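Participant: Using the hints, position chain B against chain A.
These protein sequences, in sequence, are chains A and B.
Note that the first sequence covers residues 1 to 533 in my numbering.
Note that the second sequence covers residues 1 to 533 in my numbering.
Derived by calculation from the structure, the hints in this document are not laboratory data.
In this text, all values refer to a predicted model and were calculated from it rather than measured experimentally.
Be careful, since some hints might not be right.
Unchecked claim - Covered stretches of chain B (chain A as the covering partner; in silico rule of three or more C-beta atoms under 8 Å from a C-beta of chain A):
id : stretch
1  : 210 to 222
2  : 237 to 245
3  : 252 to 259
4  : 517 to 527
Beta carbons are placed, not taken as given, at the ideal position from N, Cα and C, and that holds for glycine.
There are 2 protein chains.
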Amino acid sequence: MTELEHRTPDPVWNAWGTAEAASPVSGQVRDLLEQGLGVPRRDTPSVPRSAVRLGESRLSEPVRAELNRIVGAEHVRTDAESRLLHAGGKSTPDLLRRRAGDARAAPDAVVLPGSPEQVSAVLARCAELRVAVVPFGGGTSVVGGVEPERGGFDAVLAVDLRRLAALVELDAESGTATLQAGLRAPEAEELLAAHGCTLGHFPQSFEHASIGGFAATRSSGQASAGYGRFDAMVVRVRVATPRGELDLGRAPASAAGPDLRQLFLGSEGALGIITEVTLRVRPVPEEVVPEAWAFPDFAGGSAALRELAQAEALPTVARLSDEAETAVNLAAAHDVGGGQVAGGCLLITRCEGPRIAVRERMRALLEEAGGSSLGAGPAQDWERGRYRGPHLRDALLDVNALVETLETATSWSRLQETRDAVTAALTEALREQGTPPLVLCHLSHAYPTGASLYFTVVCGRGEEPVEQWWRAKRAAGAAITRCGATISHHHAVGLDHREWLTEEIGELGVEVLRAVKSAVDPVGILNPGKLIP
Amino acid sequence: MTELEHRTPDPVWNAWGTAEAASPVSGQVRDLLEQGLGVPRRDTPSVPRSAVRLGESRLSEPVRAELNRIVGAEHVRTDAESRLLHAGGKSTPDLLRRRAGDARAAPDAVVLPGSPEQVSAVLARCAELRVAVVPFGGGTSVVGGVEPERGGFDAVLAVDLRRLAALVELDAESGTATLQAGLRAPEAEELLAAHGCTLGHFPQSFEHASIGGFAATRSSGQASAGYGRFDAMVVRVRVATPRGELDLGRAPASAAGPDLRQLFLGSEGALGIITEVTLRVRPVPEEVVPEAWAFPDFAGGSAALRELAQAEALPTVARLSDEAETAVNLAAAHDVGGGQVAGGCLLITRCEGPRIAVRERMRALLEEAGGSSLGAGPAQDWERGRYRGPHLRDALLDVNALVETLETATSWSRLQETRDAVTAALTEALREQGTPPLVLCHLSHAYPTGASLYFTVVCGRGEEPVEQWWRAKRAAGAAITRCGATISHHHAVGLDHREWLTEEIGELGVEVLRAVKSAVDPVGILNPGKLIP
Chain A
1 MTELEHRTPD PVWNAWGTAE AASPVSGQVR DLLEQGLGVP RRDTPSVPRS
51 AVRLGESRLS EPVRAELNRI VGAEHVRTDA ESRLLHAGGK STPDLLRRRA
101 GDARAAPDAV VLPGSPEQVS AVLARCAELR VAVVPFGGGT SVVGGVEPER
151 GGFDAVLAVD LRRLAALVEL DAESGTATLQ AGLRAPEAEE LLAAHGCTLG
201 HFPQSFEHAS IGGFAATRSS GQASAGYGRF DAMVVRVRVA TPRGELDLGR
251 APASAAGPDL RQLFLGSEGA LGIITEVTLR VRPVPEEVVP EAWAFPDFAG
301 GSAALRELAQ AEALPTVARL SDEAETAVNL AAAHDVGGGQ VAGGCLLITR
351 CEGPRIAVRE RMRALLEEAG GSSLGAGPAQ DWERGRYRGP HLRDALLDVN
401 ALVETLETAT SWSRLQETRD AVTAALTEAL REQGTPPLVL CHLSHAYPTG
451 ASLYFTVVCG RGEEPVEQWW RAKRAAGAAI TRCGATISHH HAVGLDHREW
501 LTEEIGELGV EVLRAVKSAV DPVGILNPGK LIP
Chain B
1 MTELEHRTPD PVWNAWGTAE AASPVSGQVR DLLEQGLGVP RRDTPSVPRS
51 AVRLGESRLS EPVRAELNRI VGAEHVRTDA ESRLLHAGGK STPDLLRRRA
101 GDARAAPDAV VLPGSPEQVS AVLARCAELR VAVVPFGGGT SVVGGVEPER
151 GGFDAVLAVD LRRLAALVEL DAESGTATLQ AGLRAPEAEE LLAAHGCTLG
201 HFPQSFEHAS IGGFAATRSS GQASAGYGRF DAMVVRVRVA TPRGELDLGR
251 APASAAGPDL RQLFLGSEGA LGIITEVTLR VRPVPEEVVP EAWAFPDFAG
301 GSAALRELAQ AEALPTVARL SDEAETAVNL AAAHDVGGGQ VAGGCLLITR
351 CEGPRIAVRE RMRALLEEAG GSSLGAGPAQ DWERGRYRGP HLRDALLDVN
401 ALVETLETAT SWSRLQETRD AVTAALTEAL REQGTPPLVL CHLSHAYPTG
451 ASLYFTVVCG RGEEPVEQWW RAKRAAGAAI TRCGATISHH HAVGLDHREW
501 LTEEIGELGV EVLRAVKSAV DPVGILNPGK LIP
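Only chain A is shown next, with the shape it has when bound in the complex (with noise of 0.2 Å):
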């Protein structure tokens, strides 16, 4: 096992980063905010610290002493720290409510097990106290998936995995690693890198995920197009639940009976907590070579993405913008190609070690399909800012904007449909409340029958923005379900998107996830109210 000299820091409690990676909005947005969207120009900071209401821990003694003597006292916290900063997630209205000075949702207490073995000792003993549990690796959920609900019980304990933090083993002939769950993705990819490797994950939430968190929530990085999405990598995973442990997984390929790791990738912490992961990885890519190119409209952009998905001969990263998000982009950065996208939409792709073979036919294959290369700039220009995104909402949220995010998962058939849908409805919402916005999307995971949806919604803050934003969210949810599309390509289900997943996977669907939970998780400790209806 090989473990870390240091750690990733922990982001603060009412933002989606670190203190050093925050940095206020320009005048200039802001005068884009004023004139584009209407947005009145008010500052809308958080409360700070000591405004935040959090309630007492309601952890019993008879529990901490059971907690304290599996996992060692100074693994069990019950101070005011520990607690707001496992509160929740970061969805915006996360982190609207906490920047509000709302924490009373924490958790009774932050226990941190330092084996595979404690996870499992932790919850055959939380099970029989009826103590819930809700498992915690980087917190960067947006669809409540870290919620601290109680479920019915008494108490509630963050199960924090951050000492599931080695290098279990490499075997460099098969091509896989075997890592902790508690692993930020930073780590993981240090540790690996000492030996040449990497996992080739790279979400927006690269900087504090974890690698229990990618696994439990099937996430996909933005480099899905050439290493995959996260659930594709796995090999073996290993999860503790109440009733034991299961270790799943020994083979490439296997015909012996259904997949159960597909039971457990996406299980969001409701039926187990996943303390190991088998992955494959690749060699640290030798060659990059990055290009930007522009497509005269977004059905244009897509249709070629298509092409390269069916004919085998997509980049290692492919991220196609509308037309809305490439004008955003250019305002934001006039540096990025300038004219030569006005009015169309920009492609961004990647190709790195074995795709790097496939460029010249990627690259015949776009120019077929109507792409005009903009050279090497704009795609280095993402690549600088490809984890901006949420610690720019931080600043937009200062400044009385409302800024979110959802996705979705489509046919190729159904794709632009969908994506009018969602735009539509996104829009309406928002309007009809006063507050006009301005919906961008983009296609960043392309596969032979489909592609993926990214809708980025900005507008002014209403006076309840909380309710706000679901009502917006709502009808989102209803376009999505309408158009036969997936309630989550990569954010997952977690509380925000639970009524949908009936619609998803039928009545008996939802029946065959209670039993599996009843299976493992017969008192229902397991992340309460979490992914099923």
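Facilitator: Positioned in the frame of chain A, the structure of chain B alone reads:
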């Protein structure tokens, strides 16, 4: 919906194939058996049809009346021919039993529903009436998957899906086709070819197996390196259960919780009957480039395939025979490149469609890894005989030989160890019984993290050949398990691998499967005794 004008002919009751496909072994092969393996020259033909023992149907009149009501009386069959043709699968023990005249396992009736709705209605009614149901597609299971076990119920039905034989929808833009489960593979290919498409799924069972069977058993075809395993092609699956329908999969990828499709892929009829599948399809390739290669040994050849898989340079077909299989293939067809691979290993490759583009990289990597091209000839020979194996088994069973196959998959780092252990276990177990075998092995499915191993065993037939084989099979299963490999890469679990599943997924994994079964099939009528230990 598009339907076919003609249908694939049924195999005969006591052989893999049709009467037309049968051909006796040559005198030369009989010489080889006698001289090489000490198999006494003796004819061991099947009993004639007239000598087959088939019990009376136990279908009660009230049950028959209910089935008649749902599917129509002409689709409820209790005649001896229909029952005999559904009396079991096509493993060597299955064939040996029927060739000896034992068809007592035959189902009490064969029911042929005409729509997914009728399948659901049959299941719901059978659960009320307490009648067991065995789904039947092509009947090619080699693991006891279609054995008509009553499981404690009074009667057992084979539900033959042949009337579900339509191409329901072709979405050319998304590159998907929705196919009904009863379509045999050649029929599905014919329907798709009319649209210029193919599934690219060509397992050795291709001539008879069905779309539903491929999905229910996680089949893998000979072109899996290029087209992927069958389960990887599935976008959507529609399943009938006694408790209603499931319709799962609405996007190319999703983070909406666990992937429930993966519970029903590989469910082997024990969790429901798959009635319809939406699959990725590709254009029929315009160009096909076959090429054979010689490698000094199996370890070198498999290292080369590992390189290809990890460098994303696999051809469409990649099949490496070990030294023994190479020698036998050469003896069987001396026009196959002759002395060039004597003592070494033969690798068959075939590039088609998008894989034409990787051909030069593939060639360079194979040469670098010590391979020498043998040109197209041996690869074309392989292709001509690609479905012959099981027909040859029929002929060998007629001349006092015992022939069977088994398979597994494991990581690259444990591949050689697993091959050696399984080969030794089979050899030892059969030698002990006085029938020293020839054990052949090939690697036909390569993945970035590991590969499959497929074993063919030939020896003289003992007094009790079913038990003789089972001793060898148990030794091989123990070796596979000891090596940490999977008990099946593409044959599924059925009856025959059930005893090893607990080792593979753990007691709690088995409990999860039981919980799912209880949710969808509380009475337990679905394919009793299969899959779940």
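Participant: The structure should be examined with respect to each hint, and the outcome stated for every one.
Facilitator: So, going through the hints one by one against the coordinates:
1. 210 to 222: holds (count 4)
2. 237 to 245: Holds: 4 residues of the stretch 237 to 245 of chain B have a Cβ under 8 Å from chain A.
3. 252 to 259: Holds, because 8 residues of the stretch 252 to 259 of chain B bring their Cβ atoms closer than 8 Å to Cβ atoms of chain A.
4. 517 to 527: holds (count 3)
In this structure, none of the earlier numbered hints is contradicted; all agree with it.
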